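Colleague: Chain order of the listed sequences is A and B.
Going left to right, the first sequence walks through residues 1 to 296 as my numbering numbers them.
Going left to right, the second sequence walks through residues 297 to 534 as my numbering numbers them.
It is worth saying that the hints were derived from the structure and are not from the lab.
In this text the structure is predicted, and so the values were computed from the model without any measurement.
For each residue, glycine too, the CB sits at the ideal point set by N, CA and C.
It is possible that part of the hints are untrue.
[Claimed, not checked] Computed spacing ranges between beta-carbons, pair by pair:
#1 T364/B <-> S273/A: 38 to 44 Å
#2 P400/B <-> W12/A: 19 to 25 Å
#3 V280/A <-> R384/B: 30 to 36 Å
#4 P19/A <-> E424/B: 51 to 57 Å
#5 E205/A <-> E493/B: 50 to 56 Å
[What the hints assert, rightly or not] Which chain A residues face chain B? A few, computed with CB under 10 Å, are given here:
#6 D89
#7 Y90
#8 H198
#9 E203
#10 V217
What follows is each chain in one-letter form.
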Amino acid sequence: MKRVSYVLSAAWQGFWRNPVMSLASTFTVGLMLLLFAFFLATDRGLQAAASVLESKVELALFLKDDAKVSDVLALRALIEADPAVSRVDYITKEQAMARLVEIASRQPDIQIVDISTNPLQASLEIKLQNAQDAPRISAALRDEIGKGVVYEVVDNPSVVDKLLTITRVLSFGGVAVLGMMLVVALFVIVNTIRIAVHARRDEIEIMQLVGATDWFVRWPFILEGMLVGALGAVAALTAVLLAAGPVTNALVGFLEIVPLSFGSAFLWQLVGSVFALAIVVGGGGAMLSVRTHLAK
Amino acid sequence: MVSPRANGRGNELITLDDVSKRYPNGTEALRDVDLHIESGDFVFLVGSSGAGKSTVIRLLIREELPSTGRVWVDGQDVVRMRRSAVPRLRRRVGVVFQDFKLLPRRTVAENVGFALLVTGHSEEEAREETERALSLVGLAQRRDHFPDQLSGGEQQRAAIARALVNRPKILIADEPTGNVDPVTSWEIIKLLIRVNELGTTLVMATHNAEIVNALRRRVVHLDRGMVVRDEREGLYAA
């Protein structure tokens, strides 16, 4: 117990012995973790969106809010006449929302935050005999846009494809950027600890002389690295939590999407991942530094 | 190649067997050194600078390894010992240096207690043992002073207290009087004699002829890495 308290207090003193350097490395680690959290959230969001869109529907015809029901029904009859179409369903605004609520309830990753307004549009969902006819039919239906009934034609399989492509690109890009940030963060931590070791070189010399074990000499520095990581994690997660609300609102206002937010399961996963990465980077960097600078 | 147990000298605490040390830069610090020190001995290591005194000391606390030959300390093969066993060896060998090596931002008591805290003792144990060591060296009144508030002799006594606080079997002093005036030198020597009388084996490297000649203890004379003289009641010069 006494050993633990000695090592802990040595680590804490080490952190504040050179506050500028410690806070600079905390900031760098925090920035890296913020990026990590951002990629984690974006990736998860896109995946969730893709899975929502991956319903059975192959083509969707979104209708203008002011379209007349008679015109809609006429259009529906027209589409049903095409031999490639197997079925057309008319989904009202209310049904669309009800379905979204239902989907969300099955997905632990998403929650509907606000359902007082309904930005969803009524639609005609078209099932095809053969998915290969989708491009031809969607092209024909796009001609209807601007004629008072059809707002947009969505070729679902291609949207899902696009989303998955974006997810993949973002993942690759994210991993690359994250990798670079990781190297920078490690470099900064290695240097911070190197300076800490240098500041305490007399103490270390005496510790080794009087028979302190290697781990007793090293632990304070490794804990100091972990402390830098953990404080960086706290900073990054605080920033994420503070930014989450405004960013979501901005996205809702700007993109006119349904306000979705991540469930608490994902939040805990995010907190856990960020802290785990922080501890690994902080402790790992410190260990690396101590191994090279405490060779004897 | 005789182990200290096998050679019949059961009381032997330090053994150097045919030890040579060549540093990477080519300097030959020790050549074929044989040295046997028994428990309770008081040994002066004498010789000019660069004769190999400091290398002997570094071998005993395994700061260096010999190029050839064997080193035993308290029955342990220092050369073959695992790295993880080195801390335990160093707890049995206290070392005092010419430049004291006290931590300037810690008080005398903290400097002494430090040696116990970093070797895993509780604060209570550290407090008790620190008091014991400080009264042994006569610094109990100065326990809360910082090193720069002490005289050179007091600083060296604090360093000796730190070296003794782990109750080592061996105390090695590398030029302990090198940085203090003659009167203070005698105080330090009297203290070391007392430590030796209490049962700690003492190995002291020194240039101080006056002290060596006055005490008539065992003298091991090193010259260019070789033991040229080893006398029971020796003088500084032959």
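Colleague: Hints first: check each against the structure and report whether it holds.
Modeller: Quick rundown of the hints versus the structure:
{"no.": "1", "hint": "T364/B <-> S273/A: 38 to 44 Å", "verdict": "violated (55 Å)"}
{"no.": "2", "hint": "P400/B <-> W12/A: 19 to 25 Å", "verdict": "holds (21 Å)"}
{"no.": "3", "hint": "V280/A <-> R384/B: 30 to 36 Å", "verdict": "holds (32 Å)"}
{"no.": "4", "hint": "P19/A <-> E424/B: 51 to 57 Å", "verdict": "violated (36 Å)"}
{"no.": "5", "hint": "E205/A <-> E493/B: 50 to 56 Å", "verdict": "violated (30 Å)"}
{"no.": "6", "hint": "D89", "verdict": "violated (73 Å)"}
{"no.": "7", "hint": "Y90", "verdict": "violated (77 Å)"}
{"no.": "8", "hint": "H198", "verdict": "violated (15 Å)"}
{"no.": "9", "hint": "E203", "verdict": "holds (6 Å)"}
{"no.": "10", "hint": "V217", "verdict": "holds (8 Å)"}
In terms of the numbered hints stated before, the structure departs from hints 1, 4, 5, 6, 7, 8, listed from lowest to highest.
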